[in-house]
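**Student:** Heads up, the sequence shown is in full-length UniProt numbering, so the first residue is 1 and it goes up one at a time.
No lab work stands behind these hints: they were computed from the structure.
Each hint should be verified, as a subset may be incorrect.
[As the list claims (entries may be wrong)] Calculated pairs, DSSO-like style, for lysine-lysine (alpha carbon to alpha carbon, straight line, at most 27 angstroms):
hint	residue 1	residue 2
1	Lys81	Lys62
2	Lys151	Lys161
3	Lys366	Lys386
4	Lys156	Lys62
5	Lys161	Lys62
6	Lys62	Lys268
7	Lys306	Lys80
8	Lys62	Lys151
[To be verified] Using C-beta positions, here's what the derived DEER-type ranges look like:
hint	residue 1	residue 2	range
9	Gln142	Asn22	26 to 32 angstroms
10	Lys268	Val389	27 to 33 angstroms
11	Leu280	Ser117	46 to 52 angstroms
12	His227	Thr322	21 to 27 angstroms
13	Val426	Gly118	31 to 37 angstroms
14	Lys28	Val426	45 to 51 angstroms
15	Gly118	Asn29	19 to 25 angstroms
16	Thr8	Ser409	49 to 55 angstroms
17	Glu121	Glu294	33 to 39 angstroms
18	Thr333	Asn29	53 to 59 angstroms
19	Gly54	Asp96	44 to 50 angstroms
20	Gly118	Ser435	17 to 23 angstroms
Owing to the predicted nature of the structure, the values given are computational and were not obtained by experimental measurement.
Even glycine gets a Cβ: it sits at the ideal position worked out from N, Cα and C.
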Amino acid sequence: MVTRIVATWYQFDQDNGHPEPNFSSWTKNTTGLLYYGSNEPPYAIVNRHVDVRGDHAALARKIAAEAIAMLKNEDVLPLKKPMKIGVYGSDAGPGDGPNACPDRGCNQGTLAVGWGSGTTEFEYLITPLEAIEKQAATYGGQVSSVLNNTKLDEIKADAKKQDICLAFVNADAGEGYISWQDVKGDRPNLETQLGGDDLILAVADSCKTTIVIVHSVGPIIMEKWVHSHKVNGILWAHLPGQESGNSLVDVLWGAVNPSGKLPYTIGKSLEDYGPTAGILYESNGNPPQQDFAEGLLIDYRYFDKKDITPRYEFGFGMSYTTFEFSDLNLVLTGSMEPLPRPRPPPEAGGNPALWETVYTITHTLKNTGKVAGAEVSQLYVNYGSKNTVEFPERVLRGFEKVFLEPGESKTVTFELTRRDLSYWDVTKQNWVIPSGGLRVSIGQSSRRFHLRGNLRYGY
Numbered sequence: 001m002v003t004r005i006v007a008t009w010y011q012f013d014q015d016n017g018h019p020e021p022n023f024s025s026w027t028k029n030t031t032g033l034l035y036y037g038s039n040e041p042p043y044a045i046v047n048r049h050v051d052v053r054g055d056h057a058a059l060a061r062k063i064a065a066e067a068i069a070m071l072k073n074e075d076v077l078p079l080k081k082p083m084k085i086g087v088y089g090s091d092a093g094p095g096d097g098p099n100a101c102p103d104r105g106c107n108q109g110t111l112a113v114g115w116g117s118g119t120t121e122f123e124y125l126i127t128p129l130e131a132i133e134k135q136a137a138t139y140g141g142q143v144s145s146v147l148n149n150t151k152l153d154e155i156k157a158d159a160k161k162q163d164i165c166l167a168f169v170n171a172d173a174g175e176g177y178i179s180w181q182d183v184k185g186d187r188p189n190l191e192t193q194l195g196g197d198d199l200i201l202a203v204a205d206s207c208k209t210t211i212v213i214v215h216s217v218g219p220i221i222m223e224k225w226v227h228s229h230k231v232n233g234i235l236w237a238h239l240p241g242q243e244s245g246n247s248l249v250d251v252l253w254g255a256v257n258p259s260g261k262l263p264y265t266i267g268k269s270l271e272d273y274g275p276t277a278g279i280l281y282e283s284n285g286n287p288p289q290q291d292f293a294e295g296l297l298i299d300y301r302y303f304d305k306k307d308i309t310p311r312y313e314f315g316f317g318m319s320y321t322t323f324e325f326s327d328l329n330l331v332l333t334g335s336m337e338p339l340p341r342p343r344p345p346p347e348a349g350g351n352p353a354l355w356e357t358v359y360t361i362t363h364t365l366k367n368t369g370k371v372a373g374a375e376v377s378q379l380y381v382n383y384g385s386k387n388t389v390e391f392p393e394r395v396l397r398g399f400e401k402v403f404l405e406p407g408e409s410k411t412v413t414f415e416l417t418r419r420d421l422s423y424w425d426v427t428k429q430n431w432v433i434p435s436g437g438l439r440v441s442i443g444q445s446s447r448r449f450h451l452r453g454n455l456r457y458g459y
């Protein structure tokens with residue numbers, strides 16, 4: 001790791017004429033040891049406390065809102081102006097504060113980041129509850145809340161009185177030097193934490209309309225409640241950071257049309273993820289042995305190859321509007337010879353021929369609904385079935401998020417490089433374009449395709 005960092009430093013000429021850092025990664029104090037860890041002088045000003053935030057709050061809110069993936073919507077979202085709103089679960093509230101645990105190493109209050117050495121101190125954290133209360137106050141709505149996950153009887157009694165109920169659940173994890181309850185770095189299972197499943201069932205059993213909001217570091221198994229006709233909506237809010245509550249309110253009330261997509265597959269059971277899924281950390285145990293024998297068949301590639309139907313596939317996410325894909329056009333713009341040109345004398349970045357565009361692919365995307373929104377067009381490559389090498393069924397090779405007004409159309413463009421269409425041949429010790437027939441599929445997720453086409457080799 002040291003070599004990688006130092007090599008990059010010199011590659012970008014940062015040792016020549018660049019200003020000294022104006023902050024310390026190790027202390028908040030204004031003055032301290034110039035070389036932290038040496039325990040010897042000189043001392044100097046190590047933090048100049050320069051405020052560089054600008055409009056970062058607005059940007060953080062925008063990014064978090066765009067990341068939210070809507071997984072289920074039975075005509076309940078966006079919310080209109082519900083007068084009685086119930087908010088349930090510790091994940092909706094402040095807990096003991098956003099910085100209560102060192103390096104965010106516990107699950108308490110709303111989950112906005114995971115834990116580990118890469119975390120920072122929150123300057124502030126807008127919780128879902130405070131943002132919902134503020135939004136409801138703009139039109140005279142009333143918000144009731146129960147933030148203790150174990151008070152299920154109180155939750156049920158309160159939920160019966162509400163027009164809409166929001167159930168908040170989460171799953172936390174992080175770096176292995178921190179343990180919290182039975183979580184030693186990585187999660188020991190794919191379940192909600194802090195009794196999240198029981199919380200959802202209690203709310204849904206009592207409320208007229210229930211929307212589940214999930215903050216999670218990764219997939220969770222949802223089978224106990226996802227089928228319920230009483231769970232009317234699901235928003236997957238990931239780890240939204242300091243503008244958590246505001247970004248959620250933007251999507252709930254329709255100021256932002258959800259356009260987030262799942263960056264992983266949500267299966268129906270732990271076993272769906274394959275034989276290595278059971279290699280899990282145990283509380284107070286040694287790190288498990290992982291041989292990484294799955295090769296390229298990770299996540300959606302494994303599900304596709306084994307023909308396993310997921311609960312929600314990689315790349316999935318709904319919108320408040322609808323989109324139409326059309327007019328696929330495939331243009332060969334470079335050489336599709338199996339091997340790239342010989343590389344020049346060694347230089348940073350490898351053989352430049354690998355990054356030459358060999359195919360330009362376009363299609364038309366149209367918003368056919370009544371509200372503005374963004375869609376992520378996703379391009380997957382299938383490497384064919386006539387190869388001696390085993391490939392995944394399809395591999396994501398491009399995606400573009402496009403914002404469209406109602407009725408508006410735009411052209412989406414993908415440029416595929418030689419590297420996109422190649423695999424590493426261990427015998428030839430080179431990147432090779434396979435000859436078994438290349439095919440592209442374009443759509444809204446790893447399993448929802450609207451356009452397909454074959455790539456010509458041109459030789």
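**Student:** Now tell me, hint by hint, if it's right for this structure.
**Tutor:** Going down the list of hints, with the structure as the test:
A distance of roughly 22 angstroms separates the Cα atoms of Lys81 and Lys62; the hinted pair therefore holds under the 27 angstroms criterion. Of the pairs offered as hints, the one joining Lys151 and Lys161 holds, with about 16 angstroms between alpha carbons and a cut-off of 27 angstroms not exceeded. Distance restraint check for Lys366 and Lys386: the Cα-Cα separation of roughly 36 angstroms exceeds the 27 angstroms cut-off, and the hinted pair is therefore not satisfied. Between Lys156 and Lys62 the alpha-carbon distance is near 34 angstroms, which puts this suggested pair outside the 27 angstroms criterion.
For the given pair, Lys161 sits about 33 angstroms from Lys62 by alpha-carbon distance, which is inconsistent with the 27 angstroms threshold. Between Lys62 and Lys268 the CA atoms are separated by roughly 31 angstroms; this puts the pair beyond 27 angstroms, and the hint is violated. Our distance criterion of 27 angstroms between C-alpha atoms is broken by Lys306 and Lys80, whose separation comes to about 43 angstroms. With a CA separation close to 34 angstroms, the supplied pair Lys62 and Lys151 exceeds the 27 angstroms bound.
In this structure the hint that Gln142 and Asn22 lie 26 to 32 angstroms apart at CB is violated, the actual value being about 48 angstroms. Between Lys268 and Val389 the beta carbon distance is about 30 angstroms. The supplied range of 27 to 33 angstroms therefore holds. About 22 angstroms separates the C-beta atoms of Leu280 and Ser117, a value inconsistent with the hinted range of 46 to 52 angstroms. With their beta carbons about 24 angstroms apart, His227 and Thr322 fall inside the hinted range of 21 to 27 angstroms.
The hinted range of 31 to 37 angstroms is satisfied by Val426 and Gly118, whose Cβ atoms lie roughly 34 angstroms apart. Remark: the range hint 45 to 51 angstroms for Lys28 to Val426 is upheld by a beta-carbon distance near 50 angstroms. For Gly118 paired with Asn29, a C-beta distance near 21 angstroms keeps the hint of 19 to 25 angstroms intact. The hint said 49 to 55 angstroms for the Cβ distance between Thr8 and Ser409, and at roughly 42 angstroms that hint is violated.
One distance hint, 33 to 39 angstroms for the beta-carbon pair Glu121 and Glu294, holds here, with the actual separation near 37 angstroms. The supplied range of 53 to 59 angstroms is met by Thr333 and Asn29, whose beta-carbon atoms lie about 56 angstroms from each other. Between Gly54 and Asp96 the CB atoms are about 30 angstroms apart, so this pair departs from the stated range of 44 to 50 angstroms. The given range of 17 to 23 angstroms is broken by Gly118 and Ser435, whose C-beta atoms sit roughly 43 angstroms from each other.
When each numbered hint is compared with the structure, violations occur for hints 3, 4, 5, 6, 7, 8, 9, 11, 16, 19 and 20.
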